[in-house]
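Asker: Sequence:
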Amino acid sequence: MKHKIEELPSVAILINNVGVSYSHPDALAKCEELTLEKLQKMVVCNVTSTTCMTRITLPKLLASPPPAGVHRHIVNIASQSGCFPTPYLSVYAGTKAFVINFTASLAGELVGSCVKVQTISPGFVSTNMSGIKRPSFFAPSASTFA
37 MKHKIEELPS VAILINNVGV SYSHPDALAK CEELTLEKLQ KMVVCNVTST TCMTRITLPK
97 LLASPPPAGV HRHIVNIASQ SGCFPTPYLS VYAGTKAFVI NFTASLAGEL VGSCVKVQTI
157 SPGFVSTNMS GIKRPSFFAP SASTFA
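Note that the working numbering has the sequence shown beginning at 37, numbered continuously upward.
If you're looking for bench data, these hints aren't it; they were derived computationally from the structure.
Backbone N, C-alpha and C fix where the C-beta goes; we use that ideal spot for every residue, glycine too.
You may find that some hints are simply not true.
Unchecked claim - Derived DEER-like restraints, expressed as beta-carbon distance ranges: (1) P95 / L64: 36 to 42 Å; (2) E68 / H107: 43 to 49 Å; (3) Y124 / P95: 35 to 41 Å; (4) I92 / N137: 18 to 24 Å; (5) S100 / L75: 37 to 43 Å; (6) C88 / I156: 17 to 23 Å; (7) S100 / P121: 40 to 46 Å; (8) I156 / K40: 22 to 28 Å.
Input sequences plus hints: build the corresponding full structure.
Answerer: Below you can see the structure in the form of structure tokens.
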């Protein structure tokens with residue numbers, strides 16, 4: 037991936053929109069009920085991929101600053117579960133809390149640069165991952181949320 041990004045003439049935005057949660061029917065589970073494989077999959081997808089994509093894309097975002105008043109962006113998608121304790125989603129919530137704090141810390145590192153960093157933390161969205169089949173006001177479809 038790093039070589040592909042280096043080949044690009046420039047990068048204006050990076051959107052880290054990745055995530056896995058607990059598999060159905062284990063939609064809600066205590067931490068000790070999760071296998072090591074499930075824990076590692078969640079951490080690698082939700083934490084490592086976001087961190088690595090940011091690390092390899094950031095030099096390109098900073099390489100040639102845009103005109104004054106124009107910014108480049110990193111947008112990290114987290115979850116409302118990362119904003120407060122979420123029993124039975126503890127590992128997922130922990131990975132999304134990492135994304136929220138990683139984003140805030142990175143924003144502090146980039147103050148004064150041409151790159152702005154922000155987190156979007158949606159609630160439930162009707163997707164295969166959430167297991168919510170019918171969109172509603174409280175769980176919009178992915179296209180409505182976007």
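Asker: Each hint: holds or not?
Answerer: Comparing the hints with the structure gives:
Remark: the range hint 36 to 42 Å for P95 to L64 is upheld by a beta-carbon distance near 40 Å. For the pair E68 and H107, the beta carbons lie near 44 Å from each other, so the given range of 43 to 49 Å is met. As the Cβ distance of Y124 to P95 is approximately 40 Å, the hint placing it in 35 to 41 Å holds. The supplied range of 18 to 24 Å is met by I92 and N137, whose beta-carbon atoms lie about 20 Å from each other.
At roughly 40 Å, the beta carbons of S100 and L75 sit within the given window of 37 to 43 Å. A C-beta distance of roughly 20 Å is found between C88 and I156, which places it inside the suggested range of 17 to 23 Å. A hinted range of 40 to 46 Å for the beta carbons of S100 and P121 is consistent with their spacing of about 43 Å. For the pair I156 and K40, the beta carbons lie near 25 Å from each other, so the given range of 22 to 28 Å is met.
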